[in-house]
Amino acid sequence: MQKAYKKYFCIFVLPTLIAFTLFFVIPFVMGIGLSFCKFTTVTNARWVGLENYMKAFSNKDFMNALWFTVKFTIVSVISINVIAFIFAYALTRGIKGTNLFRTTFFMPNLIGGIVLGYIWQLMINGVLARFGVTITTDAKFGFWGLIILMNWQLIGYMMIIYIAGIQNIPTELVEAAKIDGASKLQALFKVTIPMVMSSVTICLFLTLTNSFKLFDQNLALTAGAPSKKTAMLALDIYTTFYNRNGWEGVGQAKAVIFFVIVGILALTQLYFTRNKEVES
Amino acid sequence: MAGKKKIQEDVQTMEVSKGTGTVMTVIFAVLALVFIFPIILVFINSFKSKLYISDQPFALPNSDTFVGLSNYIDGVAKTGLIKAAGYSIFITVFSVLLVVLLTAMTAWWLTRVKSKISTVLYYLFVFAMIVPFQMVMFTLSKVTDMLNLGNPVGIIFVYVGFGAGLSVFMFAGFVKAIPISLEEAAMIDGCTPIQTFFRIVLPVLKPTAITVAILNAMWIWNDYLLPLLVLGSDYQTIPIAVQYLRGGYGSVDMGAMMGMLVLAILPIIVFYLLCQKYIIKGVAAGAVKG
Chain A
1 MQKAYKKYFC IFVLPTLIAF TLFFVIPFVM GIGLSFCKFT TVTNARWVGL
51 ENYMKAFSNK DFMNALWFTV KFTIVSVISI NVIAFIFAYA LTRGIKGTNL
101 FRTTFFMPNL IGGIVLGYIW QLMINGVLAR FGVTITTDAK FGFWGLIILM
151 NWQLIGYMMI IYIAGIQNIP TELVEAAKID GASKLQALFK VTIPMVMSSV
201 TICLFLTLTN SFKLFDQNLA LTAGAPSKKT AMLALDIYTT FYNRNGWEGV
251 GQAKAVIFFV IVGILALTQL YFTRNKEVES
Chain B
1 MAGKKKIQED VQTMEVSKGT GTVMTVIFAV LALVFIFPII LVFINSFKSK
51 LYISDQPFAL PNSDTFVGLS NYIDGVAKTG LIKAAGYSIF ITVFSVLLVV
101 LLTAMTAWWL TRVKSKISTV LYYLFVFAMI VPFQMVMFTL SKVTDMLNLG
151 NPVGIIFVYV GFGAGLSVFM FAGFVKAIPI SLEEAAMIDG CTPIQTFFRI
201 VLPVLKPTAI TVAILNAMWI WNDYLLPLLV LGSDYQTIPI AVQYLRGGYG
251 SVDMGAMMGM LVLAILPIIV FYLLCQKYII KGVAAGAVKG
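Chain order of the listed sequences is A and B.
Be aware that the first sequence starts at 1, since it is given in my numbering, and climbs by one per residue.
Be aware that the second sequence starts at 1, since it is given in my numbering, and climbs by one per residue.
Derived by calculation from the structure, the hints in this document are not laboratory data.
What you were told as hints is all true, and nothing was included just to trick you.
27 Å max Cα-Cα, derived DSS-like pairs, lysine-lysine: (1) K142/B x K55/A; (2) K116/B x K6/A; (3) K281/B x K96/A; (4) K60/A x K38/A; (5) K7/A x K114/B; (6) K6/A x K176/B; (7) K3/A x K176/B; (8) K60/A x K71/A; (9) K178/A x K18/B; (10) K190/A x K18/B; (11) K281/B x K276/A; (12) K6/A x K114/B; (13) K176/B x K7/A; (14) K38/A x K213/A; (15) K206/B x K114/B; (16) K38/A x K142/B; (17) K228/A x K140/A.
So here's chain A without its partners, still in its complex pose (with noise of 0.2 Å):
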């Protein structure tokens, strides 16, 4: 059967082939290539080896915006989860409203991150015209505008991911370890959580490359202000761009750096948390 499906490539996988190269494989590789270029253009690009990483290693605004999307990216994707976790747990125990509960807390999930960024500008912004400050008086208004807003926008799609991993648990497993004299939060911690770690390896990865991707909402609540304090990754390699002219290889440099980063954090924390991982 193999044989005379070999025969298909053409028509099952050709166009996306061809599509992935022309929009993935080519852009990726150009990529690496130009991240050791001077470039204003692709056509004009000049090999200058490591100096673009150099240039971006001892760029204030980089390393800042390195240590700003750490820290964020920290508290987000630990609040996130504890939160959504308490959230499923709280709701697979048969209490009225669960269903309405979960459609509301999964909803601005769906809203894009631009809409989300001005839905709490005005939020946040409200609050701290009291105080006669906004978000961009301070950089710590930012730091916590941003958690706020992540944790909005992502708490219900990974409560909606733990409810299935809790929903998936077999009831005898509980069910025995109430008759063997279990309190319910020895249950919680021996049965339940060991018995969702696939769900935790999903919710971490996905909270986490998010988190540290995040560009939508940082361009839309602050734009990196005050004096780019707020400007996560993402944002400063877009304005090292498209805002500083002369700097698109060093733009180009800081994305490579940006996306090893992402590899290793994503599959350190696939490895780690696959390891812990019930076989069912």
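Once you've looked at the hints, dock chain B against the given chain A.
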């Protein structure tokens, strides 16, 4: 996991007592209100004069501040939102259809044909999933410029290429769970591989296709940077039109902004309420495999 990804609805593992249940319902009702409050706030402010929005967003409109629909009319005129909605719908619908069809075909072939090429290609698609857009944004926009694809039709192919990674990965996960005997029987009955795929495999993949379609639609509908760089300023989608209102430094027309936010959110909420079962199930099913 693969065999029993069926999500049991409302199977309670450990129910709480009635009293605790009521308390929890009340707590979650309050939380739910907190969750939708920002959206309600935008809605309320969309009827207020732009002068009263930034300073007193929490005040209800009164006879001085109420401006009727003028924010909506201003906003639509300033952003060309009607046209933007047209582009957004066109691009999302056709990109999603093409992505789902093409990547299902690709994933099936890559899973069924065991060879070096299929393994290499599969891992290449998986690899593409973790590459951030910033890595390719500049070069991608140059490629689309060179190929003259900076229009609503061209961008569909860009989405097929850039979205292929996740979609192929998800389809491949589910194709592995389909018993091959079905396809063997079809072959014996004289089906060509194309007939086998469309008559046997695709119907079985329908739930996965819905999941992949939902995830791609959520991404493409809300996408900002890719259409901005590929389409330029000639064709604005909804997120681009909203961001466009910001204009130069600090010169945001808050009234128009509120109106546009409502118009941007409304179709999503209506769509969500109509197909929430599919969306929530799709997201959960997608995650089980991820």
